[in-house]
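So the sequences go chain by chain: A and B.
Oh and the first sequence: position 210 is 210 in my numbering, straight run, nothing missing.
Oh and the second sequence: position 233 is 233 in my numbering, straight run, nothing missing.
None of these hints come from the bench; they were simulated from the model.
Beta carbons are placed, not taken as given, at the ideal position from N, Cα and C, and that holds for glycine.
Keep in mind that the hints are not guaranteed to be accurate.
[To be verified] Computed footprint of chain A on chain B; a stretch qualifies when at least three of its residues, placed anywhere within it, have a C-beta under 8 Å from a C-beta of chain A:
1. 51-59
2. 93-105
3. 110-120
4. 133-146
5. 181-190
6. 194-202
7. 241-255
[As the list claims (entries may be wrong)] Between beta-carbon pairs, the in silico distance windows are:
8. A/E7 <-> B/W257: 20 to 26 Å
9. B/I149 <-> A/N87: 26 to 32 Å
10. A/K55 <-> B/K232: 26 to 32 Å
11. A/N65 <-> B/E180: 54 to 60 Å
12. B/E180 <-> A/Y209: 44 to 50 Å
Protein chains: 2
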Amino acid sequence: MKNFEKERLILITNDDGYQAKGIKALVESMQPLGKIVVVAPTEPQSGMSHAITVKHPLRISKIKNEEDLKIFAVNGTPVDCVKLAINQLLPRKPDLLVSGINHGSNSSTSILYSGTMGAALEGSINLIPSIGFSHISYDHEADFSAAVILSRSIVEKALKNGIPKNICLNVNFPNANHSEIKGIKICRQTMGYWREEFDKRTDPIGKEYFWLTGYYHNDEPEAQDTDEWALKNNFVSIVPVQSDLTSYKTIKLLNKWDF
Amino acid sequence: MKNFEKERLILITNDDGYQAKGIKALVESMQPLGKIVVVAPTEPQSGMSHAITVKHPLRISKIKNEEDLKIFAVNGTPVDCVKLAINQLLPRKPDLLVSGINHGSNSSTSILYSGTMGAALEGSINLIPSIGFSHISYDHEADFSAAVILSRSIVEKALKNGIPKNICLNVNFPNANHSEIKGIKICRQTMGYWREEFDKRTDPIGKEYFWLTGYYHNDEPEAQDTDEWALKNNFVSIVPVQSDLTSYKTIKLLNKWDF
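Isolated chain A, as found in the complex (with noise of 0.2 Å):
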């Protein structure tokens, strides 16, 4: 495909903060593509999940102003940076919304805390094509060569083929490099959840707090079309991401119930 078009729109977010060595690499990997616009948080946002900021006002700052690369700062929360592009900073809808490269993975249940993959689903629901993209590794040092150029590959089939309404990805990648990487695999979001052990702790005059920490528990650690099969081995992931949440096949099963 002809790469950079001078008209093409893209805007990245993420919810790391616009410091972040992953939104640089994503900057990085979309530059060759077209006109770059970064709305990303001021401070990290990790876990703010499809958050929205009503109880403060926000304030934008900018950053970065040239022709093919803008930056802006906002004080809230990932989505609030997509509404706030698409509503006041961005000439008009952009043609493709990408959000990360976050620092740790969204497999799984991680989606539904994910401030990454918020963004995205807040650009879906917009009708963008919206794709998140996470690194596995926690680091904030983390190597993002190889999603640097998976990164653009992956937008650039997006881009082609076009995604359905409605409808993002979410993009996961195993902490390898490029020539350990096997390859990209489409999976289905791997049933598991967070076992949370709170560390309890006492301040200095005596009273209790609590910091939320814990570890994943796979429940189904063989099912090879799952986005956590798939990283464990070496793949990248992509699960195609719906906002609509409802159960189908249960609204069968409640009209059974006798109201």
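Based on these hints, arrange chain B on the given structure of chain A.
Relative to the frame of chain A, chain B by itself:
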């Protein structure tokens, strides 16, 4: 069915905070059914979706400690409340989680931003029968009298029939009194979205700031199987909701992309 069961443990949370009229209505509704433990945010947490608190520690305040009604307040999100309840506060996994009654609608795509439904989804991931209740009036003094009666009736049906694994229910009440309500309707999530219009203001030192505002746009106002239609026509809507966001039909499509 037999109503009060001393051994039945019911966890109640919400996103408007433990002092909201809506959660008091839900306690009133559930008290005839079992032992109640309320674990709810100290302050309103509207729009917090499935967010979790990772940047500051959580603190728990004991508000009430009666045999059949305990109330705890947490300086976190609704999902934090559920996690702390399950892992720190309750003697065992509860038999039921109910969230709400929210002041304001969580129908259609509003579910994605909803802390009320974030808590219900968190319950379902932890295999607890979970139901989120919302009243479409945003009024702090909304009339919950019909909702008190109908919430109890819906919960009794759910306890009797069981809710499938990893599914929770999104119940919305119309703004109508008991005699005006036409019945309970099992629905799918309406396709629609929020059209944002930011309220742009200037502070005393001349800097711009933005308040998030906007209005809901329904993509399919005529569709009688949707929750928006049911509520507009004075039905109580119930949408069965799943935590698996995979779009299975898109998997087939993506497998044709040439990676």
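Taking the hints in turn, this is what the structure says about them:
Restraint check on the segment 51-59 of chain B versus chain A: 8 residues with Cβ-Cβ distances below 8 Å, three needed, restraint holds. Counting residues of the segment 93-105 of chain B whose CB lies closer than 8 Å to any CB of chain A gives 0, which falls below the minimum of 3, so the coverage claim is violated. For the segment 110-120 of chain B, the assignment as covered by chain A holds, since 4 residues bring a beta-carbon within under 8 Å of that chain's beta-carbons and 3 suffice. Counting residues of the segment 133-146 of chain B whose beta-carbon sits less than 8 Å from any beta-carbon of chain A gives 0, not enough to reach three: the coverage restraint is violated.
Taking a C-beta to C-beta cut-off of 8 Å, the segment 181-190 of chain B contributes 6 residues in contact with chain A, enough for the three needed, and the coverage statement holds. As drawn, the segment 194-202 of chain B meets chain A at 5 residues by the rule of a beta-carbon pair under 8 Å; at three or more, the given contact holds. With 13 residues having a beta carbon nearer than 8 Å to a beta carbon of chain A, the segment 241-255 of chain B meets the requirement of three or more and the stated coverage holds. Judged by the Cβ atoms, the range 20 to 26 Å given for A/E7 and B/W257 holds: they are separated by roughly 24 Å.
At about 41 Å, the CB distance of B/I149 to A/N87 disagrees with the hint of 26 to 32 Å. The hinted range of 26 to 32 Å is satisfied by A/K55 and B/K232, whose Cβ atoms lie roughly 29 Å apart. For A/N65 and B/E180, the Cβ-Cβ distance of about 56 Å falls inside the hinted range of 54 to 60 Å, so the restraint holds. At roughly 47 Å, the beta-carbon separation of B/E180 and A/Y209 lies within the given 44 to 50 Å, and the hint holds.
The structure shown violates the earlier hints numbered 2, 4, 9.
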